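S.K.: So the sequences go chain by chain: A and B. Going by this note's numbering, the first residue of the first sequence is number 1, and it counts up by one from there. Going by this note's numbering, the first residue of the second sequence is number 1, and it counts up by one from there.
Hints are computed from structural coordinates only; laboratory data are not their basis. Check each hint, because a few of them may be wrong.
Claimed, not checked - Beyond 10 Å from chain B on every Cβ pair, some chain A residues (computed):
{"id": "1", "residue": "L68"}
{"id": "2", "residue": "Y74"}
{"id": "3", "residue": "F76"}
Unchecked claim - In silico EDC-like pairs for lysine to aspartate or glutamate, Cα to Cα no more than 20 Å straight-line:
{"id": "4", "chain 1": "A", "residue 1": "K32", "chain 2": "B", "residue 2": "E101"}
{"id": "5", "chain 1": "B", "residue 1": "K134", "chain 2": "B", "residue 2": "E124"}
{"id": "6", "chain 1": "B", "residue 1": "K99", "chain 2": "A", "residue 2": "D10"}
{"id": "7", "chain 1": "B", "residue 1": "K134", "chain 2": "B", "residue 2": "E60"}
{"id": "8", "chain 1": "B", "residue 1": "K26", "chain 2": "A", "residue 2": "D10"}
{"id": "9", "chain 1": "B", "residue 1": "K170", "chain 2": "B", "residue 2": "E101"}
As the list claims (entries may be wrong) - Partial list, derived from the structure: chain A residues whose beta carbon lies under 7 Å from chain B:
{"id": "10", "residue": "L16"}
{"id": "11", "residue": "S33"}
{"id": "12", "residue": "A38"}
{"id": "13", "residue": "R70"}
Because the structure is a prediction, the values reported are computed rather than measured. Where is the CB? At the ideal position from N, CA and C, for every residue including glycine.
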Amino acid sequence: MSISKLNALDISWIMLLSITLANALVAETADKSLFITAVICCSIAVKGRRIMDYFMELNHANKTIQLLMRGYFYVFPLLIFLTDLFSEQLAILTTI
Amino acid sequence: MHITAENIFHLNGSGQVRNEPETRNKIPGNRAVWVGIFAELTEFALFFIVYFIAKAHYPEQFNQGPLQLNTLAGTLNTFALISSSYFVAKSLAAVRHNKPEQSIQWLWLAVLCGAIYLVIKVWEYHWNVDQGIKTNTNEFYTLYYYMTFNHLLHVGWASGSLIWAIFALKSGRYTQSNHLGLTAIACYWHMVDLAWVIIFPLLYVLR
Chain A
1 MSISKLNALD ISWIMLLSIT LANALVAETA DKSLFITAVI CCSIAVKGRR
51 IMDYFMELNH ANKTIQLLMR GYFYVFPLLI FLTDLFSEQL AILTTI
Chain B
1 MHITAENIFH LNGSGQVRNE PETRNKIPGN RAVWVGIFAE LTEFALFFIV
51 YFIAKAHYPE QFNQGPLQLN TLAGTLNTFA LISSSYFVAK SLAAVRHNKP
101 EQSIQWLWLA VLCGAIYLVI KVWEYHWNVD QGIKTNTNEF YTLYYYMTFN
151 HLLHVGWASG SLIWAIFALK SGRYTQSNHL GLTAIACYWH MVDLAWVIIF
201 PLLYVLR
């Protein structure tokens, strides 16, 4: 298959596999840091958006479904980052 | 929109189709499957919130936990799920082009990926036990087993729905002009993949 014949589905598939491989590399080599957390959160948002828009075809679908699904994949990556950033405050807030 | 033979729709790698795709400006599949999808995503959201709180309380366990897990197994499972989602999308594109045999072949590949996922997961659980990683080892591993086993169940029954769609295609119940059921099943399968997109970095990558 030549590159010019790749369609949006094929490109999305290759992109998603590449991001996953990069994530695995980070898991094996990188030390814990807020920067790494931010990069991983961005990768979650990008992967989620790609799957929703191109595999689920939500980019042309009903606007409410689109908004709710896209929102989910903006809110949770953001929450992952914020709970890492404010972990001590979260621990205090949730101590019974 | 009024559809005429001259209408051509371009959609996400499906090439060009003359029939307006059922996902365009509509609820893909049917309302019922979206109630299910949002219910499932809410369930996973609760797991994620528990993860955030537990991580704040046990930072050392959540720092060391991912290091002991089998990253290769997690990565291969991600490959399997992403590939299966891609195959399901290709299957939907094929049925829109009135190629049911091709659609069935893509669905079998998706089912194969689902089976590979299940085999890897079972192997991973055995590997974990050999390393002394059990459900009650610590809070991180308890959450790991809760999340991954719950997700495994979803992959199991969603694979069943793919097999059901294969038989519906074979019997001619899903056709070029009538395949809303297949679209609904595809959306559910993509949701299972989406949940893993968050679970994989939470458990295997982030510390």
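S.K.: Would you assess whether Y74 (chain A), listed as outside the interface, keeps its beta-carbon beyond 10 Å of every beta-carbon in chain B?
M.R.: Holds: least Cβ distance 12 Å, greater than 10 Å.
S.K.: If I take the minimum Cβ distance from F76 (chain A) to any residue of chain B, is it greater than 10 Å?
M.R.: The claim is violated: F76 (chain A) sits with its nearest Cβ about 6 Å from chain B, within 10 Å.
S.K.: May I ask you to test the interface hint for A38 (chain A) with respect to chain B, counting a Cβ-Cβ separation under 7 Å as satisfied?
M.R.: violated (11 Å)
S.K.: Could you check that no beta carbon of chain B comes within 10 Å of the beta carbon of L68 (chain A)?
M.R.: violated (7 Å)
S.K.: Starting from K26 (chain B), check that the Cα of D10 (chain A) is at most 20 Å away, please.
M.R.: The given pair, whose Cα atoms are some 24 Å apart, is violated under the 20 Å limit.
S.K.: Does L16 (chain A) meet its interface restraint, that is, does its C-beta lie within less than 7 Å of any C-beta in chain B?
M.R.: For L16 (chain A), the interface hint holds, since the closest Cβ of chain B sits about 5 Å away, which is under 7 Å.
S.K.: Given the proposed pairing of K170 (chain B) with E101 (chain B), does the C-alpha separation stay at or below 20 Å?
M.R.: holds (8 Å)
S.K.: Tell me if the straight-line CA distance from K134 (chain B) to E124 (chain B) falls inside 20 Å.
M.R.: holds (12 Å)
S.K.: Would you check whether R70 (chain A) satisfies its interface hint, that is, whether its CB is within less than 7 Å of any CB in chain B?
M.R.: Check failed: Cβ of R70 (chain A) comes no nearer than 11 Å to chain B, outside 7 Å.
S.K.: Within 20 Å, alpha carbon to alpha carbon, are K32 (chain A) and E101 (chain B)?
M.R.: With a Cα-Cα distance of about 49 Å, the restraint between K32 (chain A) and E101 (chain B) is violated, given a limit of 20 Å.
S.K.: With 7 Å as the cut and Cβ atoms as the points, is S33 (chain A) at the interface with chain B?
M.R.: Violated. Min distance 9 Å.
S.K.: Would you check the hint for K99 (chain B) and D10 (chain A), treating anything up to 20 Å between C-alpha atoms as holding?
M.R.: holds (19 Å)
In summary, the structure is inconsistent with hints 1, 3, 4, 8, 11, 12 and 13 from the numbered list given earlier, while agreeing with the others.
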